Amino acid sequence: MRKLAIGVALATTALTPAMARDGAWYAGVEGGPMLVEDTDFDVNGVNDDLTIDHDYGYNFDGIVGYDFGAFRIEAEVGYQRADADEVITGSQGIGGNLLAGSVNDVNGYTDALSFMLNGMLDFGDDDGIQGFVGGGAGVARVKQVATVANTFVDDSDTGFAWQAIAGVRAPLTTNIDVGLKYKFFNVPNVDLVSNLGDTYEGRYRSHSILGSLIFNFGAPEPVVAPPPPPPPAAAPPPPPPPPAAAPPACNEGPYLVFFDWDKSNIRPDAATVLDNAVAQYANCGSARVMLAGYTDTSGTAQYNIGLSERRNASVQSYLQSRGIPAARISSEAFGETDLRVPTADGVREPQNRRVRITYGPGAGY
Numbered sequence: 304m305r306k307l308a309i310g311v312a313l314a315t316t317a318l319t320p321a322m323a324r325d326g327a328w329y330a331g332v333e334g335g336p337m338l339v340e341d342t343d344f345d346v347n348g349v350n351d352d353l354t355i356d357h358d359y360g361y362n363f364d365g366i367v368g369y370d371f372g373a374f375r376i377e378a379e380v381g382y383q384r385a386d387a388d389e390v391i392t393g394s395q396g397i398g399g400n401l402l403a404g405s406v407n408d409v410n411g412y413t414d415a416l417s418f419m420l421n422g423m424l425d426f427g428d429d430d431g432i433q434g435f436v437g438g439g440a441g442v443a444r445v446k447q448v449a450t451v452a453n454t455f456v457d458d459s460d461t462g463f464a465w466q467a468i469a470g471v472r473a474p475l476t477t478n479i480d481v482g483l484k485y486k487f488f489n490v491p492n493v494d495l496v497s498n499l500g501d502t503y504e505g506r507y508r509s510h511s512i513l514g515s516l517i518f519n520f521g522a523p524e525p526v527v528a529p530p531p532p533p534p535p536a537a538a539p540p541p542p543p544p545p546p547a548a549a550p551p552a553c554n555e556g557p558y559l560v561f562f563d564w565d566k567s568n569i570r571p572d573a574a575t576v577l578d579n580a581v582a583q584y585a586n587c588g589s590a591r592v593m594l595a596g597y598t599d600t601s602g603t604a605q606y607n608i609g610l611s612e613r614r615n616a617s618v619q620s621y622l623q624s625r626g627i628p629a630a631r632i633s634s635e636a637f638g639e640t641d642l643r644v645p646t647a648d649g650v651r652e653p654q655n656r657r658v659r660i661t662y663g664p665g666a667g668y
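Here the sequence shown is numbered in the numbering used here, starting from 304 and rising by one per residue.
Think of the hints as simulated: they come from the structure by calculation, not from any bench.
Here the structure is a predicted model, which is why all the values come from computation and not from measurement.
Hints are all accurate, no fakes.
Listed below are the simulated SDA-like cross-link pairs for lysine to any residue, each with C-alpha atoms no more than 20 Å apart in a straight line:
1. 446 x 336
2. 566 x 649
3. 484 x 374
4. 484 x 359
5. 484 x 424
6. 484 x 428
Using the sequences and the hints given, assemble the complete structure.
As structure tokens, then:
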């Protein structure tokens, strides 16, 4: 047993690191030598009236569990067996040839089949050698076979069992671990009956050193950090500023508004033209505004001069109401001269009943 423990311990020091086991399922097999403590039985109510001594035995387990990180939980099925070596009777002796205080050779064995649920606390580097401690509880069936002279026991009992565990484990590959584990196993109450009808009440205890081979599976894929981004390219020089926008050009006109026959009031269509003229004047700074009034040939020349002046006055009043200063506005009445559409005297031509508006230093009639 000592050689086995030293060999496994030396092997774990040369293992390569593996990925972390956290969040993985695992399954494994374990095996190794086992020592059964002397089994003391109360026979027919007499305390410690029979002791069975055992040779070294063996212990094999199978486990399946889940690793939460610092804590693991696992299910275990185990089998252990040791041959009986001798029987020592107490002060009362046993019926048959087993005298009080005698030591007798015995043929037989003791075995235990167990089903346990274990909890383990891990400590140490999860990617290297790691220690653990824990324990478990479950149920075990203990069978005792022993023949001495004409007295024999061939009986079994099933009851509660518990165990304490400590050990180390280390990665062999990415998914395989090896380990070395000590286990103390205890069945507190074992009740048997011999062929003579004697009742045997005792307990079963053993100590095992187990080598483990564990397979890990189902762990989440490790998160690989993305490569660092390439260094940013040098920023290009800023583009040159756009050229300054040229000031909007002044639309000097002319703008023409027309009137009904013998009228000087501003019609809706004329108001639209005047509103456009006012909007364009904003691009002309403080340019002068020149108004030229005209009529058709349907009236006398003197009357038409007055009508032209009234039409100029209506347009000037409209422009002033839209914010153009009166000081910037000048006007002249032309009457029936400078016809837009040449006609004979006395003709009511709509295109000749008009006021012509122009802007700017070069504006004129």
